[in-house]
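Note that the protein sequences, when read in sequence, are chains A and B.
Each residue of the first sequence is one higher than the one before, counting from 5 in my numbering.
Each residue of the second sequence is one higher than the one before, counting from 5 in my numbering.
Rather than coming from a laboratory, the hints here were simulated on the basis of the structure.
Small disclaimer: the values here were computed from a predicted structure and weren't measured.
Accuracy of the hints is not assured; some may be wrong.
Heads up, the list lumps identical chains together, so a pair's fine if it works in one copy or across two of them.
To be verified - Restricting the straight-line Cα-Cα distance to at most 20 Å, the calculated cross-link-like pairs of lysine to aspartate or glutamate (EDC-like) are:
#, residue 1, residue 2
1, LYS11, ASP533
2, LYS596, ASP561
3, LYS500, ASP533
4, LYS500, GLU478
5, LYS500, GLU472
6, LYS500, GLU526
7, LYS31, ASP538
8, LYS596, GLU556
9, LYS597, ASP216
10, LYS475, GLU556
11, LYS597, ASP561
2 protein chains.
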Amino acid sequence: MPLSTLKRKLIGTPLRTAEAFNERLSKFAALAIFSSDALSSVAYATEEILLVLILAGSAALSKSWPIALAIAFLLLIVTTSYRQTIHAYPSGGGAYVVAKENLGVYPGLIAAAALLIDYVLTVSVSVAAGVAAITSAVPILFPHRVYLGVFCIALITLANLRGVRESGRIFSIPTYLFIVSFAIMLGVGLAQHFFFGEGNAAAQDLVAPAQDLTLFLLLRAFASGCTALTGVEAISNGIQAFKYPESRNASVTLTWMAGILLTLFLGVTILSHLHHVVPRHGETLVSQLARDIFGTGFFYYVIQVATAMILILAANTSFAGFPRLSSILARDRFLPHQLASQGDRLVYSNGIIALGLVASSLIWLFRGETHALIPLYAVGVFLSFTLSQAGMVRHWLALRTSGWRRSVAINGLGAVTTAVVLTVIAATKFIHGAWIVIALIPLMTMGFRRIHEHYTLMAKQLSLQGFEPRKFREQIAVVPVSGIHRGVVTALQYAKTLSPRVEAVYVDLDVEATEALRRHWESWSGGTDLVILDSPYRSVLGPLLEYIEGLERSHPDALITVVLPSVVPARWWHNLLHNQTAWFIKGALLFKKHVIVVTDVPHYLTH
Amino acid sequence: MPLSTLKRKLIGTPLRTAEAFNERLSKFAALAIFSSDALSSVAYATEEILLVLILAGSAALSKSWPIALAIAFLLLIVTTSYRQTIHAYPSGGGAYVVAKENLGVYPGLIAAAALLIDYVLTVSVSVAAGVAAITSAVPILFPHRVYLGVFCIALITLANLRGVRESGRIFSIPTYLFIVSFAIMLGVGLAQHFFFGEGNAAAQDLVAPAQDLTLFLLLRAFASGCTALTGVEAISNGIQAFKYPESRNASVTLTWMAGILLTLFLGVTILSHLHHVVPRHGETLVSQLARDIFGTGFFYYVIQVATAMILILAANTSFAGFPRLSSILARDRFLPHQLASQGDRLVYSNGIIALGLVASSLIWLFRGETHALIPLYAVGVFLSFTLSQAGMVRHWLALRTSGWRRSVAINGLGAVTTAVVLTVIAATKFIHGAWIVIALIPLMTMGFRRIHEHYTLMAKQLSLQGFEPRKFREQIAVVPVSGIHRGVVTALQYAKTLSPRVEAVYVDLDVEATEALRRHWESWSGGTDLVILDSPYRSVLGPLLEYIEGLERSHPDALITVVLPSVVPARWWHNLLHNQTAWFIKGALLFKKHVIVVTDVPHYLTH
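Next comes chain A alone, as it looks inside the complex:
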C-alpha cells in the first residue's frame, strides 16, 4: 500500500476550505467540553497532596483537608478574576493575547511559552493518570503503562489529525458520567461514614514518618494540590463557541464549573481522610476509595471508566488549544510559519503532530508516572494565570470604565495570589522537576525572538522597495560532463538554447578514460568545445569549482548557469550505485553564495 493511501485511510480524504463551520454550544454542552481539563484533575490532585504529606508519616495525612480548603479558596479567587477576563475579552482572552496587549511583547511571549508547556503537560499528566485509572482496575497492565500511554496519545493525535468535531453531544457523556458517578461515590461514602461508621478498612496501613512535618512540607503539599486548578482558564479561551449572549453564558458556565470542581475536590479529599486511605504504588487513591466504598463490583468499574474517559478527554482539549496557540504565534512570526497553515483536513496538522510527539516523549522519559510529571505541571499554569491577571489590571487602569476600581481590585488580588502561589510552587518543587520548566521558559522566549528576527530581516532583504535588479551583459552555460552519453548530449543541447557560449567541462582522473572521451567527443558534441581540467588530487569537485570561480572573475558581467546532466535511476537503491556528483556540485555552489543558476536536465532510466 503506497504511503499516500495509508495516510488517506488513517486521516481521511481532504476537506475543502469551504467546509469549515462553527457550531455554537449551549451552556450544558459547553460545560462538558470546556471543563473536562479542570474537573479531571480531581482524579489526581488529592493523591498528590497525600503523597507529600505521607513523608511525615500517616498521621500527617490529616493535614490534607485544611490544605484542600486553601486550594478551594484559591480557586474562588482565580474564578472571580477570570469572570472579568471573559467580559473584557469576549473574542477569547488567552493569557498570550491579554499579556501581549497590556504588558508588552515579552510578557506575552513568556505567557505563550508557559501555555505551550502547560498544554504539553496536560496531555502527559492526563494520559498518565488515565492509564493509572485503567491499570488500577486491571493490574496486569501496570508494567505496560508507558506503552499504553504512548498508544493513547497516538490515538488522540490520529483522531485530531482527522479533525475531531467538538460535538457537544458525544463529548458530554464522559464529563457528566464523571460528575454523576463521583457525586454518587461521595454521597455513599459520606453516608457510610456518618450513618454506619464504616470506612476504616484501610486504617491498618500505618506509615512511619521519614521526615518532620515542616512548613516547607505543608507548602509542598499545597503546591502539589494546586494542580487541581489547571484548566480553569479553558472557558476564557473559548467564549466564541457559546450561544448568544456569549460572555454571559461563558461566565455562568465558569461559575458552575468552579462549583462542581470545588465540591468534587473537597469531597474526595475529605472522604480519603475519613476512610484513612493511604497512597500506594500501583493503585490510584480514587481506585482505593471506590473499592473501599463499593467493593470491586460494577460501580467500582464505572468510577474507573469515568475517570479514564474524562482524563483522555482532558488530554484531547490540549490538541485543540496547542495547535491554535501555535498558529497564532506563527502568524505573529514567533514560530515557524509551517504551524500557521491548516492541513488537508482543516486542522493545524503540524501543531497536532508536534504536540503528540513531545507529550509521548515525556510519558516515555518519566516512565508514565503521574507523580513524576506533577512538579513540572503547575509552574506553567500559574505563570500564565499571573501574567494574564496582571494584564487585566493594566487593562482596567488604561480604560477606566465604570467600576474599574473594583475590577482592578479583583484582578489585582488574583494576580498577587497566583504570583505568591507560583513562588511557592517554584520553590518547593524546584529540585523535583520545576527547574526544567523554569529553565525552559526563558529559552523558549529567546527562541521566539530569534525566529521573529529572522522573518523580519528576511522580509527586509526581500523587499522590493528600492530594488534594482542586476543586469547581466551575457550568459555563459557550463556543463560538467562525466563522459559522453545520452544524458550529456541532451544537456548540451539544452545549454545551447541558453547561450551561444557553452563550455563542457571534464575532470581528468584517468588518462585512458580521458583519451576515450576525446575521441568520441567530436561526433556528438555538436561543436561545443571540451575543457579538460587537471586534478592531481583526484577530486572532481575542486577543479570544477575553481574553474567556475575563474570564469566569474574573468567575466564579472556574465550570468553563469551550470547545466547538470542528471541521470535519474529507476529504483531508489540504484542511487547508492552512483556518485551523486551533481548533488555535491549543487551543495558546493550553494555554499559559495554567488549568484549562479543551477539547471537540472534529467535523463530518466526506465529500469
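Chain B: place on chain A using the hints.
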C-alpha cells in the same frame, strides 16, 4: 575548527597521483609483512581447540595434539597447493581471479563474497584476540574490551586512510619479535618439562565433563583449530611486491612461513598439554602458559605485547586486502563504483571506511569475544581455498603444460581436502554461527549480480548508438511564485531569457494574500501574466503539478522548464523556518519521470 580542517589533521594533506610508488620487498621483509595474518592465529587456534574439548571434561584435553597434527598435515597440503598458484599466477592469484578465470563468473563471485567476509572477520577476530592479550596482562581493562576493540579498529582505519606505506622495516619488528619470543617460550617451556619436570602448576583445574567425547565433538575441535590456516593465501595475492625473481621468492617465503606456523602452532599445543593448561574466561591460554613458564615478569609482558602487536598487524593486512578486492569488484561492476576510486591520500578510502565500520559492528555485536566470532571465521576461508584450488585444477586441465598431471594431482588433493574440511566446519559450527556466513554468501552473490545488471542496463540506456535527440518546437518557462519579492523578480527576469513564453503561477490559499499579490504584480512582473490556481484543499503542490501536466498535454512539442525562485537563508537552522516548497516541487517532478528541466535561481540572504 571546520570539518575540512579536521579531516586534514586526521588524514593528512592530499597526495598527487604521481606520488604513487611501489617498493619491492626482500624475502625477509616480505615474510614479516605477509605472514602476520597467518602466524597471529597461533595466539588463539590452540585455545579454540581446547575450548571445544573441555566440554567433555579436562581429561579430553589430551586429544588436542592429535588434532593439531591433523591440522599441521592440512597446512602442508594447502601450502603445496598454493605454491603452484604462485607460479601459475605471478601477477597475483587471489581466489576471485583464479575462480572467475577458470570456473566462471558465479564461482568467482562466490569466492569474492567469501573473501570479503574473510577480510572483515580477520579484522574482528584479530582485534578481539589482540585485546584479549592486553586484558590478560591488565585485567582491569577486561570490562572495557568492546571499547578497546572499537578504538583499535578506529586507529587502524585512520592510519590506513592516511595511507600506510607497507614499509618492510617497521612492519617486520612485531612479526620477528613474535617469532623469536614464542620460540624462546617454547624452548624454555619444553626444557622445564623434560629436564626439571616442572609445569604442572595448573593441574588442579579439573573440569567435569558436560557431554561425551563424541566424534562430532572431535570434529568440532578440529574445525575450531582450522582457524590456524587463515592467512596462508596472503602471499599468493602479493607476488608483485617481491623482488625479482618474484614467483620463486614468493614460493620460498611461503614455505618458510608454513614451517614457522607449523612449529609455533604445534609447539603451543604440545606445551599446553604438558603444562595442563585449561582455557579460562578472562585470560588467554598463551597468557596462562607464559605466566606458568616465566612467572608474571618482564618476559611475560614481552610475550603479551608481541602477541597483541602481531594481531593488530594481522588486522591491518585486511585493510590492504579488502579495499583492493572491492576496487577490483567495483571495476568489474559488481560493487558500487565509488569503491573503485582512490581518495586524496591515494588509498581506496571508501573501502577502508566500510571495512572499519563493519568490523567494529561485529566486535560490538559479539561483545568483543574471540570465541564467539570463530565459528563465522573459517567458513569463508576454506570456501575460498576450495574454489581457488578447484580453479587451479581446471587451469592445468586446460593448459596441459609439462608436468600438468602432477599439478592436477596436487591442486586436486588440495581442493578435495579443503572441501571436506569446509563441510566439517559448516556442519559442526552451523548452529554456533557458521549459518550466518552460509546464508550471507548467496545473498552477497545475488547482490553482486543485481549491481552488475544495473550498470549494464544503464550503459545500454545511455548509449549513443542510434540515439536521436528529441527535438522541441518551443520552450515554456513556468515560474511558481509564493508572492512578489526580490527572489521572484530575479527568477522572472531569468525565465524571460529562456523563452518568450513565461507563466508565473501562484496557488491561492488565502483570499487576502492573493488580492495583495494581484495589486502589486503589475509594477514588478515586467509584463508576465500571473496564473492563479485554485486550491480547495489548501495544497500548494497538487494544483501546481496538475497545471504543469496540463501544459505538457496541450503542448506536446514544448520543452517545459520550471524556474524556481529559491531564497537561501544565511544559517542552516533558518531552513527549518521555511516551507521547503521548492524542494517538494523538485521531488515531485522527479517522481513524475517526465522530461522537465528544473532551474534554481538563488537569492541569498545575508543574515
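Here's how the hints hold up against the structure:
1. LYS11 x ASP533: neither (51 Å within a copy, 36 Å between copies)
2. LYS596 x ASP561: within (18 Å within a copy, 37 Å between copies)
3. LYS500 x ASP533: Answer is within: at 12 Å inside a copy they meet the 20 Å cutoff, but 27 Å across does not.
4. LYS500 x GLU478: Answer is both: 13 Å inside a copy and 14 Å across each meet the 20 Å cutoff.
5. LYS500 x GLU472: between (28 Å within a copy, 17 Å between copies)
6. LYS500 x GLU526: within (16 Å within a copy, 32 Å between copies)
7. LYS31 x ASP538: neither (81 Å within a copy, 39 Å between copies)
8. LYS596 x GLU556: within (12 Å within a copy, 35 Å between copies)
9. LYS597 x ASP216: neither (66 Å within a copy, 75 Å between copies)
10. LYS475 x GLU556: within (15 Å within a copy, 32 Å between copies)
11. LYS597 x ASP561: Answer is within; shortest intra-copy Cα gap is 17 Å, inter-copy 36 Å.
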